[in-house]
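Peer 1: Same order as they appear, the protein sequences are chains E and B. For the first sequence, the numbering used here gives the first residue as 1, with consecutive numbering after it. For the second sequence, the numbering used here gives the first residue as 1, with consecutive numbering after it.
Note that these hints are calculated values from the structure, not bench results. Warning: the hint list may mix true and false statements.
With a straight-line Cα cutoff of 27 Å, these simulated DSSO-like cross-link-like pairs (lysine-lysine) come out [said to hold, decoys possible]: (1) Lys70/B - Lys108/E; (2) Lys108/E - Lys57/B; (3) Lys49/E - Lys57/B; (4) Lys49/E - Lys61/E; (5) Lys57/B - Lys71/B; (6) Lys70/B - Lys9/B; (7) Lys9/B - Lys71/B; (8) Lys9/B - Lys111/E; (9) Lys57/B - Lys9/B; (10) Lys61/E - Lys108/E; (11) Lys68/E - Lys49/E; (12) Lys71/B - Lys14/B; (13) Lys61/E - Lys111/E; (14) Lys49/E - Lys71/B; (15) Lys49/E - Lys111/E.
Per the computed footprint, the stretches of chain E lying under chain B, defined by three or more beta-carbons under 8 Å from a beta-carbon of chain B, are [stated by the list, open to error]: (16) 54–68; (17) 106–116.
Here the structure is a predicted model, which means the values were calculated and not measured. Where is the CB? At the ideal position from N, CA and C, for every residue including glycine.
Each chain is listed here by its residues.
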Amino acid sequence: AQSVTQPDIHITVSEGASLELRCNYSYGATPYLFWYVQSPGQGLQLLLKYFSGDTLVQGIKGFEAEFKRSQSSFNLRKPSVHWSDAAEYFCAVGAFSGAGSYQLTFGKGTKLSVIP
Amino acid sequence: NAGVTQTPKFRVLKTGQSMTLLCAQDMNHEYMYWYRQDPGMGLRLIHYSVGEGTTAKGEVPDGYNVSRLKKQNFLLGLESAAPSQTSVYFCASSYISGATLSTEAFFGQGTRLTVV
Chain E
1 AQSVTQPDIH ITVSEGASLE LRCNYSYGAT PYLFWYVQSP GQGLQLLLKY FSGDTLVQGI
61 KGFEAEFKRS QSSFNLRKPS VHWSDAAEYF CAVGAFSGAG SYQLTFGKGT KLSVIP
Chain B
1 NAGVTQTPKF RVLKTGQSMT LLCAQDMNHE YMYWYRQDPG MGLRLIHYSV GEGTTAKGEV
61 PDGYNVSRLK KQNFLLGLES AAPSQTSVYF CASSYISGAT LSTEAFFGQG TRLTVV
């Protein structure tokens, strides 16, 4: 079964600083990889996804992520953080099972705080 | 365009009471999921469905039942609520594109359930 690890529970950065959120996954084949963002009291919004092709993917709100197969990682980056980026970020891996079903497994999340 | 709609948004139950959470999607997606979100635990899969009339257990299925009688609806039932089921519940739906194998999950706004 697939799994996702987000090593950082809480990260604080200053507005304008760069950001990198870490995500490591475990899965035997090439997985579908996602980053979602959740603002307080809200649902989840997809930032970006990867399932094939260019290993550097661009998403909404100026975010990007790089898939590194050798490191089983899919880290999220943003060159300059805005105060409105404060939220919780979830990495997820999607995979097909032998029975043909598809499951989406989430990491435990990284809470981002932004200092003005 | 409604997307994924969850009903109700908030509910307080007494221990032992039963209730049903309704999820409706208007995107004709085959896959639907129920997750629970607890602080520090991320989203954990309760049950999922790969099509009308089919359901399967996820990571934390105990104490819950589901039904998918219509493609657009996925119901989550609690037969005898317990305080440990206090959580925020999210429904999601996803598609798998046969041509590109692209996929994406869309989430509802969540149901905040408190069991006292």
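Peer 1: Given the proposed pairing of Lys57/B with Lys71/B, does the C-alpha separation stay at or below 27 Å?
Peer 2: Answer holds: Lys57/B to Lys71/B is near 18 Å, not above 27 Å.
Peer 1: Take the C-alpha atoms of Lys9/B and Lys111/E, compute the straight-line distance between them, and say whether it is at most 27 Å.
Peer 2: holds (23 Å)
Peer 1: Okay, the region 54–68 of chain E and chain B, do three or more residues pass the C-beta test at under 8 Å?
Peer 2: That given contact is violated, which follows from only 0 residues of the region 54–68 of chain E lying within Cβ reach (below 8 Å) of chain B.
Peer 1: Take the C-alpha atoms of Lys49/E and Lys57/B, compute the straight-line distance between them, and say whether it is at most 27 Å.
Peer 2: holds (25 Å)
Peer 1: Can you confirm whether the C-alpha distance between Lys61/E and Lys108/E stays at or below 27 Å?
Peer 2: holds (22 Å)
Peer 1: Is Lys57/B close enough to Lys9/B, meaning Cα to Cα at most 27 Å?
Peer 2: holds (24 Å)
Peer 1: Would the pair Lys9/B and Lys71/B pass a check requiring their Cα atoms to be no farther apart than 27 Å?
Peer 2: Status holds; Cα separation ~22 Å.
Peer 1: Does the structure keep Lys108/E and Lys57/B at a Cα separation of 27 Å or less?
Peer 2: holds (20 Å)
Peer 1: For the pair supplied as a hint, Lys71/B and Lys14/B, is the alpha-carbon distance within the 27 Å limit?
Peer 2: violated (31 Å)
Peer 1: Are Lys70/B and Lys9/B close enough, with their CA atoms no more than 27 Å apart?
Peer 2: Holds, at roughly 21 Å.
Peer 1: For the region 106–116 of chain E, count the residues whose Cβ lies under 8 Å from any Cβ of chain B; is that count three or more?
Peer 2: holds (count 4)
Peer 1: Keeping to a limit of 27 Å between CA atoms, is the pair of Lys70/B and Lys108/E held or broken?
Peer 2: violated (32 Å)
Going down the numbered hints, you'll see the structure goes against 1, 12 and 16, while the others check out.
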